[in-house]
Amino acid sequence: MVNAVIMNPKDTVVTVTKYISFNEDVEYKLNKETYKIKALSNIPMNHKIAIKDIEKGEAILKYGETIGYATDNINSGHYVHTHNLSSNKIIITEVLDEN
Amino acid sequence: MKINGYKRSDGNVGIRNHVVVMPGVICASGVAQKIAIKTDVQYLYNPNGCAQNSKDTAITVQILSGMIANGNVYGTLIVGLGCEGISEEKYIQEIRKKTNKPIFYISIQNIGGINKTVQRGIEIVNLLKEEANKCEREVCDLSHLILGLECGGSDPTSGFSSNAVLGYVSDKIVDFGGTSVLCETPETIGAENILKKRGLTSEIGQQLYDTIINYDKMFKENGEDIRNSNPSPGNKKSGITTLEEKSLGCIHKSGTKPFVGVYEYGQIIDKKGLVFMDGTAYDVASVVSLIAGGAQLVAFTTGMGTPVGNAIAPVLKITGNKHTAEFLNDMIDFDTSESISGEKTIEELGEELLNKIIKICNGEEVKAEINGFSDMAINQFHSYA
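Residue numbers (numbering that gives the first Met the number 0), protein chains in the order written: chain V, 0 to 98; chain X, 0 to 384.
Next up, chain X with everything else stripped away, as it sits in the complex (with noise of 0.2 Å):
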């Protein structure tokens, strides 16, 4: 199977073509944002970069170099305001680990002011643009995609129905050749069990199964209990009555095939086949992680709706639930409600979503990329310092 994408100076195939400028800490957002809007680019939103321990420190370089890594992007002006915890001899280091694409910084106490900086960004913005409009799609195996699987406002039909033809999808990208990335470690607390046994190796069974209890241990740890704040009112409300019976439908997004590897939140995605991902089930947080490892597409399944969006990646929003799909159309993408009425079989719909796939690979907008839509949150551990 082919896609049509932009093949990258590192290797990494892309099926979007975006120059990027980012804030290197919140307090220069403002002026990163006047670039990006001035220059008509993506504009991907930086949470944090100062005052935060080392190992929250960490997780915020991981997320943030992936994502500009990510093979969707053509490259990337980092704008930082100069006395910030992550420097620019930080973000420079670890992009450079990930790829050797272009990358500028410039900082707004070393240009002078806004004014200045917002000129010499949008000049370095120009660049950019003018080299990345020369880049052509051409035709790429189908082996080069990474396909992250997401759900969020699940709702029962989740279960048997979108994540069900989301899980024909993914054992079809991984016939192809291709990757498919599970996440999401605390909805998959009551099937640890079942994903212990669809390790590729026994070694890879237990590591899947070990990762799971540890994220239920290490809350509990902390005096909390993920049952508490998962399921969301939202999912209690729909129906989704445990944490148990929700992480038990969101597995079957990952269909039938084994892992072949586990990787920590955010880490650089490296084997071909279905792989599973540790991190949080906050959507937002997750949908980063998949796309900082290297997904250039993540297909989110929800029951009740989300206009979720990134900057980096479509988000192909997937559902169930035909009143979600009806009411809420103007953010969903794909229908598999006919599964639950007996109209198709959840292998058409599969079969219909994969064709989908490969059209939104060639191009083909998503909602949420219509919409202008880029959420995001990095997971971290402790406050602000």
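Chain V on its own, in the form it takes in the complex (with noise of 0.2 Å):
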């Protein structure tokens, strides 16, 4: 059953419109494929959810555009929230640098 929704072939992350629990099918359909990933964490509703591997510092994309960047490496399935996505660039290169 549809339970997320994706804004643009391009993005990384899609928004489910129902809580999620872990473990639990996210489908989202796309050019009326439906596409399944399982979640690797509870997502509230409304909240984002990882549907590729994202690496630390790379760019998040919703609505086919940068929504900010990936403060930690996050795998598909994994809720995307502010724990792990800020608009600033800088500080996540400043981070990456002292890795």
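No wet-lab data here; the hints were simulated from the structure. A portion of the hints provided could be inaccurate.
Each computed BS3-like pair below joins lysine-lysine, with the alpha-carbon atoms no more than 25 Å apart [claimed, not checked]:
hint	chain 1	residue 1	chain 2	residue 2
1	X	115	X	6
2	X	97	X	128
3	V	28	X	343
4	X	321	V	28
5	V	88	X	236
6	V	88	X	219
7	X	236	V	17
8	V	37	X	235
9	V	9	X	195
10	X	236	V	51
11	V	88	X	216
12	X	236	V	37
13	X	235	V	55
14	V	55	X	236
15	X	128	X	37
16	X	343	V	17
17	X	219	V	51
18	X	133	X	1
Dock chain one against chain two, each of which comes alone in its own frame, and use the hints as you go.
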């Protein structure tokens, strides 16, 4: 059952339209095809889940545009929010440099 | 497409026929409010009027004169104190640049105290009401409508449901020859490259781009970052993570038409088609600027729900959040959540919303009007002197 929306084919996250529990299937439609991924975290309703592996420092795409940068490595199926996504690219670069 | 509106002497069209009482300065608020309550007319709260620097004074006068000139207003009584910074002459001069409609001014220090001013005010307002009641709705072309596009208390459903439906309506209004206004500059940050491409000419696109970049820069030069206060805690809790994400959802309400102009905060809008107004993302102060620019109706999308209203124009609340539509039913006018459940398409809901807007133009009251809400804030850049 479709329980998430994708805004643009380029997107690396989708928005779930109901509360998703760990291990639950997240389904979204793109160009009439249905795609399915397994949730690796609990996701609150209307929040985002990664549909691709995203590396620390990499741009995260929604609406086909950059909505910020990953502050940590994010695996497909993981919850994406303020704990691992930030507007600010510079801070992330500094963190990467320290590593 | 036609609406039944009020044709004004200055060529504007109103969808309401308000007589307005406004204090010229905060100090006169109590007296002005007594007059408005006793005569049952619209009370336009003025949060300023004195002790502002010249830039903020200019913004205050720009907003208040624009609201009084709005097509929804038949005529206005301004109640001053007498010694304030924005004088009778200043108000009249700025209002007369925008409209020739009836304006009266009285001041407490000149008339002689509270009771005499209230009494005189009631006499003037009763005369205005008598004249206003002679106005009748006439068939007008929809092209006279300026629709303000606003959002507040956003959640992720705003981006993919309510703003998408409103974007469909915005396109339709433009197709019918009317005007649609996107505003809230901070909530276009992150979408500046998209909007740049949507200028009717490359100059307009560049102007739009520069307006957005400069707003962000202005905060940074003052040691602030808009991103520290926007998204709000509520936006974040509902699922919006960054300002860029919020902006990309926000701009959906402007549909797909090209931008034909960029206006300053509260500046009178004189072009047909889709335009942009520069200004704050604080929704109350933004609604106010749209109405000062001439918007007779504000379409306001909200994910979490808000009761915000305005004394001059109906503020129509639209949500894509089913829970909000049901739980906060007494402040929501239109529910687009069926676009998420798949029961209806964006286009179907867009047609329904357009019909609702026509009804509101013809006199149907929105929830904020039924509740008599009239919120007021004017953006300012400096503290009081």
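Consistency of the hints with the structure:
1. X:115 - X:6: This hinted pair is violated, its Cα atoms lying about 34 Å apart.
2. X:97 - X:128: Distance ~22 Å between residue 97 (chain X) and residue 128 (chain X) Cα, so the pair holds.
3. V:28 - X:343: Cα-Cα ~16 Å, so holds.
4. X:321 - V:28: holds (21 Å)
5. V:88 - X:236: holds (22 Å)
6. V:88 - X:219: holds (15 Å)
7. X:236 - V:17: Judged against 25 Å, a Cα distance of about 15 Å means the pair holds.
8. V:37 - X:235: holds (24 Å)
9. V:9 - X:195: This hinted pair holds, its Cα atoms lying about 20 Å apart.
10. X:236 - V:51: holds (23 Å)
11. V:88 - X:216: At roughly 16 Å apart (the allowed maximum being 25 Å), residue 216 (chain X) and residue 88 (chain V) satisfy the hint.
12. X:236 - V:37: holds (23 Å)
13. X:235 - V:55: holds (21 Å)
14. V:55 - X:236: Within the cut-off at roughly 23 Å; holds.
15. X:128 - X:37: Cα-Cα ~13 Å, so holds.
16. X:343 - V:17: Satisfied, since the Cα-Cα distance of roughly 18 Å is no more than 25 Å.
17. X:219 - V:51: violated (33 Å)
18. X:133 - X:1: Holds - the C-alpha atoms of residue 1 (chain X) and residue 133 (chain X) are around 22 Å apart, at most 25 Å.
The structure shown violates the earlier hints numbered 1, 17.
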